[in-house]
Amino acid sequence: MKKGLDFEFRRTVCEADVETVTSIVTSSGFFTEEEIEIAASLVRERLEFGPSTGYEFLFADAGGQTLGYACYGPTDDDPTLYDLYWIAMQDRLRGYGVGTRILLAVEELVRHGGGTVLRIETSSQPLYTPTRAFYEGHGYTLIDVTEDFYAPGDARCTYTRNVWEPVGGSAPSGAEVING
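Each residue of the sequence shown is one higher than the one before, counting from 1 in the UniProt record's numbering.
Source of the hints: derived by calculation from the structure; they are not laboratory data. Mixed in with the good hints, there may be bad ones.
Cβ-Cβ distance ranges computed for the label pairs, FRET-style [claimed, not checked]:
id, residue 1, residue 2, range
1, 11, 148, 18 to 24 Å
2, 76, 143, 35 to 41 Å
3, 143, 51, 25 to 31 Å
4, 151, 12, 34 to 40 Å
5, 142, 15, 36 to 42 Å
6, 167, 41, 29 to 35 Å
7, 149, 54, 17 to 23 Å
8, 50, 153, 35 to 41 Å
9, 100, 152, 40 to 46 Å
10, 97, 47, 28 to 34 Å
11, 54, 143, 17 to 23 Å
12, 121, 91, 18 to 24 Å
The beta carbon of each residue, even a glycine, is placed where N, CA and C say it ideally should be.
Using the sequences plus the hints, can you model the full thing?
Right, dumping it as structure tokens:
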């Protein structure tokens, strides 16, 4: 991993985040136009309807720029089960630990929100091999593969982790709790 970057977390969503999220998700080169629009629409929905959407956001900001973000929230049927809908950072920042710090902070926020399990769904396509390795490297277990879910030959890989259990023998992340 390259030398880490200094940044602060922000949970408040603002109008400029629609464009910011679009830029971040586009920079990865992973997502279709439809998926990019979905990411932006979640920001718009949160802006319009507030917390009732169930979508929570966490942004990593430095020097007036947003380096990465996550969108997550509790599921409707079980308030202790949270979904991580999106986690992405500017493509040029891969390898600096931004994604790890965002993920650890989300886990901390899930714990403080009464959650116990964080669920993540991603593609089986070869492009997503590093993504799956990232989740597995952070203690997530592959619990389900649904063949042809996204498209023929593109399975949905579902990962979960009990966020109260240590990863690699250490205590939970220790990431700071983010207010406001």
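Status of the given 18 to 24 Å range, CB of residue 91 versus CB of residue 121
Holds, at about 21 Å.
Could you see if the CB distance from residue 50 to residue 153 stays within 35 to 41 Å?
holds (39 Å)
Residue 142 and residue 15, beta-carbon distance inside 36 to 42 Å?
holds (37 Å)
Residue 47 and residue 97 - C-beta distance against the hinted 28 to 34 Å:
At roughly 29 Å between Cβ atoms, residue 47 and residue 97 fall inside 28 to 34 Å, so the hint holds.
Residue 143 and residue 54 - C-beta distance against the hinted 17 to 23 Å
Check passed, 22 Å falls within 17 to 23 Å.
Do the Cβ positions of residue 149 and residue 54 conform to the proposed distance bound of 17 to 23 Å?
holds (22 Å)
Taking the Cβ atom of residue 143 and the Cβ atom of residue 51, is their distance within the range 25 to 31 Å?
Given a distance of about 28 Å, which is inside 25 to 31 Å, the answer is holds.
Verify the CB-CB distance for residue 11 and residue 148 against the hinted window 18 to 24 Å.
At roughly 36 Å between Cβ atoms, residue 148 and residue 11 fall outside 18 to 24 Å, so the hint is violated.
May I ask you to test the hint 29 to 35 Å on the CB atoms belonging to residue 167 and residue 41?
For residue 167 and residue 41 the Cβ distance comes to about 32 Å; the hint holds.
Given the hint of 35 to 41 Å, is the C-beta distance from residue 76 to residue 143 inside that range or not?
Because 19 Å falls outside the window, the suggested range is violated.
CB-CB spacing for residue 152 and residue 100 relative to the 40 to 46 Å hint
For residue 152 against residue 100, whose Cβ atoms are near 33 Å apart, the range 40 to 46 Å is violated.
Residue 151 and residue 12, beta-carbon distance inside 34 to 40 Å?
holds (36 Å)
Of the numbered hints listed earlier, those contradicted by the structure are 1, 2 and 9.
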